[in-house]
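Asker: Residue-level listing of the chains:
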Amino acid sequence: MTSGAGTPRILVVEDEPALRRFLVPTLTGQGYQVLTAATAAEGLALARSHNPDLVLLDLGLPDQDGMEVLRQLRLWSARPILILSARNQERDKVRALDGGADDYLAKPFGAAELLARLRVALRRTIQTEAGETVVAGGSLRVDLARREVSLEGRPVHLTTLEYRLLEALVRRNGRVATHAQLLADVWGPGGAGNTHYLRIYMAMLRRKLEADPTRPRHFLTEPNVGYRLELDASEG
Amino acid sequence: MDTPARPILVALGSEVRALRLIQAAGRLARERNAPWLAVHVEAASGAIPDDLEQVQVWMQEAQRLGAGVQTVSAPTLAQGLADLTRATHAQALVLGRSRGRWPWARLGHSTADELQRRGLDADLVVLDDPPEAAGAERPGTPFGATLGTLLVLAACTGLAWLVPREGNLSLVLPVYLLGVAVIAHRWGQGLGVLASTLSALLYDFLLETPRFRHAAEHWPNLLFFLAMLLSAQLVMGLLRRLRLQAREVQRREFHTASLYLLGRALARSRTPEEIAAAAGEHIGRAFKAKAWLLLPREDTWQALPSPLEDPSLPPPSELAASLDLGGRQGDPLEPLPLGGAFYLPLTGTDRSEGVLRILPREAGGLPPRTWELLQAFAAQIALALERLRWLEEARRAQLERETERMRSTLLGAIGHDLRTPLAAIHGAAGTLLLPGDLEDSARRDLLAMIQDESERLAHLLGDLLDLTRLESGVLRAQKEWQPLEEVVGAALGRLERREGPLPVRVDLPPDLPLVPLDAALMEEVLINLLTNARRHAPGGVDLRAWSEPGCLALEVADRGPGVPEAFRERMFDPFVRLPGAGEGGVGLGLAICRAIVQAHDGTLTAEARSGGGTAFRIRLPLPGEPPALPEGAP
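Protein chains in written order, with this note's numbering: chain A, 1 to 236; chain B, 237 to 870.
Read the hints as simulated data drawn from the structure, not as lab findings.
All residues carry an ideal CB built from backbone N, CA and C; glycine is no exception.
Just so you know, not all the hints are guaranteed correct.
[Unchecked claim] The following label-pair restraints were derived from C-beta to C-beta distances: (1) B:S558 with A:D65: 53 to 63 Å; (2) B:R587 with A:T39: 53 to 63 Å; (3) B:P745 with A:D65: 25 to 35 Å; (4) B:E629 with A:G190: 55 to 65 Å; (5) A:R119 with B:E784: 14 to 24 Å; (6) B:T656 with A:S77: 20 to 30 Å; (7) B:L668 with A:G31: 24 to 34 Å; (8) B:E675 with A:A145: 32 to 42 Å; (9) A:G31 with B:T667: 25 to 35 Å; (10) A:P25 with B:E784: 37 to 47 Å.
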């Protein structure tokens with residue numbers, strides 16, 4: 001269910017006027033409805049009153065930590081939240097993602113990158129509702145209902161753990177998954193801390209499912225954060 | 237105090253004791269916070285003229301310690317000193333007095349007495365020479381020596397008794413002469429004199445005896461006898477003096493040699509610990525004592541060699557004060573005794589470097605004859621410590637200059653590299669805002685330029701931040717065991733998504749071990765190296781890795797024009813660009829790469845590649861075993 005007459009409503013919580021000046025015309029130009037807030041308090045109030053379809057949240061706000069805003073939003077809203085963060089702050093990114101954020105954008109980012117992430121994040125809500133079970137990108141095809149994976153039309157055999165890892169990535173549908181989230185999804189609570197397990201299985205998945213494992217197109221690494229399954233990648 | 241303090245005078249001749257006088261006067265001056273003046277009187281009636289060169293040395297030494305110097309001519313020493321004391325309104329006059337054996341050494345004595353008689357309005361501080369000879373006497377219990385003397389005399393008398401009744405009495409003389417000589421040699425001059433007297437009395441007694449009665453008429457014999465004894469005394473005195481002199485020469489030689497050895501050991505010392513070791517060894521050898529250097533560290537002492545098991549040691553400020561002024565009486569060369577140990581200040585040319593603590597191993601402590609050498613040792617050690625401090629200061633100053641130079645280079649480069657894209661962006665934006673239509677293609681060009689330049693700016697700022705945070709240690713490598721393949725994949729993927737397909741040949745053996753690294757930082761390194769290689773070598777890049785004992789090697793090699801030998805190390809410095817490198821980059825990339833690799837305890841070097849081109853080689857250490865693999869993993 002999207003609000004209004006089918007045009008998604010986006011709340012931008014960002015204290016920098018220059019960024020707001022860039023974000024507002026970019027988003028409205030793409031047909032989104034845009035609400036802006038310069039402080040955490042204002043952002044939380046607007047979120048309650050307007051129930052936006054997506055929140056773009058800057059972690060560095062003047063009145064309150066962005067993490068706190070994220071926590072309060074997640075108390076009642078399951079709508080996608082995108083974090084805007086500075087480069088090199090992987091720790092903050094991981095904290096925000098593990099705290100319920102859907103994805104992040106590292107500043108500085110371009111309009112194309114922003115819009116692509118927005119689409120992925122909004123699609124999540126749509127798709128969850130549609131209950132689609134087959135995803136495909138490039139030569140890779142995954143059927144979640146039948147637990148089948150094929151590459152260039154040929155079925156690929158995966159071990160149980162490899163398949164669970166792939167499934168965990170597919171379910172995020174283009175959004176980044178942190179190491180901790182993937183470990184919990186695949187190995188359960190006992191997997192915490194064994195990040196190197198995850199890396200080894202990811203390497204095996206790449207060898208089976210990537211044309212060139214040293215130039216992955218689908219199984220992308222977000223260094224020190226996690227992984228992202230990219231199925232929209234244009235085939236170079 | 238309104239009026240300036242009245243000065244303190246010290247009278248210096250050429251004698252060795254001048255050193256003591258200088259130190260005593262300097263100490264008095266510090267104690268009373270008064271200026272001091274070293275005075276040499278050229279006395280017209282001086283018994284023996286002073287060695288002027290030596291006087292000059294002492295005057296210079298006094299000057300070095302802060303004294304004024306003055307030389308005056310006067311009829312007598314006392315006259316000159318008295319006149320000068322009155323003229324300068326001196327509050328005290330320091331001079332020496334020896335109990336010397338030589339006539340001129342008693343000059344001070346008489347001068348002091350004469351000055352006292354003149355009733356000067358100044359304190360007379362008279363320093364006696366230390367009883368140097370006291371220790372030189374052969375020790376022996378007075379009782380035993382006396383008994384020995386009596387026995388020898390008795391033996392002589394016995395021998396005399398054997399002389400035939402009618403024999404010549406002069407035969408007895410050599411016997412007594414020999415006895416007195418033996419006594420004087422064996423038990424010292426005092427008993428020698430006693431023995432002479434006793435011999436004379438015994439001789440008298442012998443004359444009284446009936447046995448030699450008729451000899452009494454030969455009274456000139458008695459005179460002869462006395463003359464012989466006297467000459468024996470004289471000879472003995474001369475002998476003794478010679479012996480003392482020889483011993484003194486020996487002592488000086490020992491001093492010179494041990495000072496030389498200490499000096500050589502100190503010259504080789506590069507740390508305070510080494511200085512302490514050298515001092516301990518040589519003091520231990522020369523004085524049979526243990527030695528420590530105490531270096532003040534705020535409120536406590538750092539003892540070298542540590543530990544110093546002496547909790548009663550006063551804090552630096554107190555001990556330094558009592559060493560410096562102390563209100564100590566007595567000889568200025570004497571080390572400060574404190575709880576069984578002795579302390580000497582280590583004073584360099586301009587300030588105190590610390591304190592020397594001596595703990596004698598033998599019961600006798602430190603006899604006065606060792607003080608002078610100890611002070612010389614202390615002076616040498618102080619100079620060595622001072623030399624170290626100066627070296628350290630010079631090194632620090634060098635480092636500061638280096639940092640300063642680096643900072644100004646950085647500022648200049650940053651200023652230029654920030655301003656250029658900003659100027660372009662600003663200009664382009666201004667053009668776009670001009671009224672009137674701009675051709676569509678021109679508009680797009682300007683906009684693209686704004687985007688490119690702002691990206692360059694963002695990149696530069698990111699690099700600068702990274703470098704600063706890496707070098708200041710704020711940014712630490714968060715190392716996790718992982719396959720190298722993943723980092724290579726992330727770097728290549730990011731580069732290709734940004735810039736299109738890259739001609740990079742990747743050769744990673746499938747059995748490469750896991751390596752602990754910070755994926756985000758190492759990706760940065762690879763992206764920088766690959767971008768560099770692509771910029772300078774269009775022919776393509778080889779990326780390969782292999783494992784070596786204890787480390788993992790990774791190489792990014794190109795077939796470009798290569799890097800001149802002189803630049804292969806320098807190009808890792810910030811803002812160093814290869815000559816003819818053209819546009820793009822500000823010379824931070826390689827500096828960041830090296831900083832990151834170093835944060836991994838690894839090395840990054842550039843080498844000439846055989847067949848042309850450059851190979852950047854990273855070696856990352858593999859500490860210990862990688863963590864266990866999950867079950868079922870290949």
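Asker: For the hint 14 to 24 Å, verify it against the beta carbon of R119 (chain A) and that of E784 (chain B).
Answerer: Since the Cβ atoms of R119 (chain A) and E784 (chain B) sit about 47 Å apart, the hinted range of 14 to 24 Å is violated.
Asker: I want to verify a distance hint. Is the separation of the beta carbons of G31 (chain A) and T667 (chain B) within 25 to 35 Å?
Answerer: Between G31 (chain A) and T667 (chain B), where Cβ atoms are some 30 Å apart, the hint holds.
Asker: Can the suggested window of 37 to 47 Å be confirmed for the beta-carbon pair P25 (chain A) and E784 (chain B)?
Answerer: 55 Å, violated
Asker: Okay, E629 (chain B) versus G190 (chain A) on CB: inside 55 to 65 Å?
Answerer: For G190 (chain A) against E629 (chain B), whose Cβ atoms are near 59 Å apart, the range 55 to 65 Å holds.
Asker: Can the suggested window of 25 to 35 Å be confirmed for the beta-carbon pair P745 (chain B) and D65 (chain A)?
Answerer: 46 Å, violated
Asker: So does L668 (chain B) sit 24 to 34 Å from G31 (chain A), Cβ to Cβ?
Answerer: Once the Cβ atoms are compared, 25 Å apart, the range 24 to 34 Å for G31 (chain A) and L668 (chain B) holds.
Asker: Quick check: does the Cβ-Cβ distance between R587 (chain B) and T39 (chain A) fall within 53 to 63 Å?
Answerer: 59 Å, holds
Asker: Range first: 32 to 42 Å. Now tell me if the beta carbons of E675 (chain B) and A145 (chain A) are that far apart.
Answerer: Because 56 Å falls outside the window, the suggested range is violated.
Asker: For the hint 20 to 30 Å, verify it against the beta carbon of T656 (chain B) and that of S77 (chain A).
Answerer: 46 Å, violated
Asker: Taking 53 to 63 Å as the hint, is the beta-carbon distance of S558 (chain B) and D65 (chain A) inside that range?
Answerer: 59 Å, holds
Checked against the numbered hints given earlier, this structure breaks hints 3, 5, 6, 8, 10; the rest are met.
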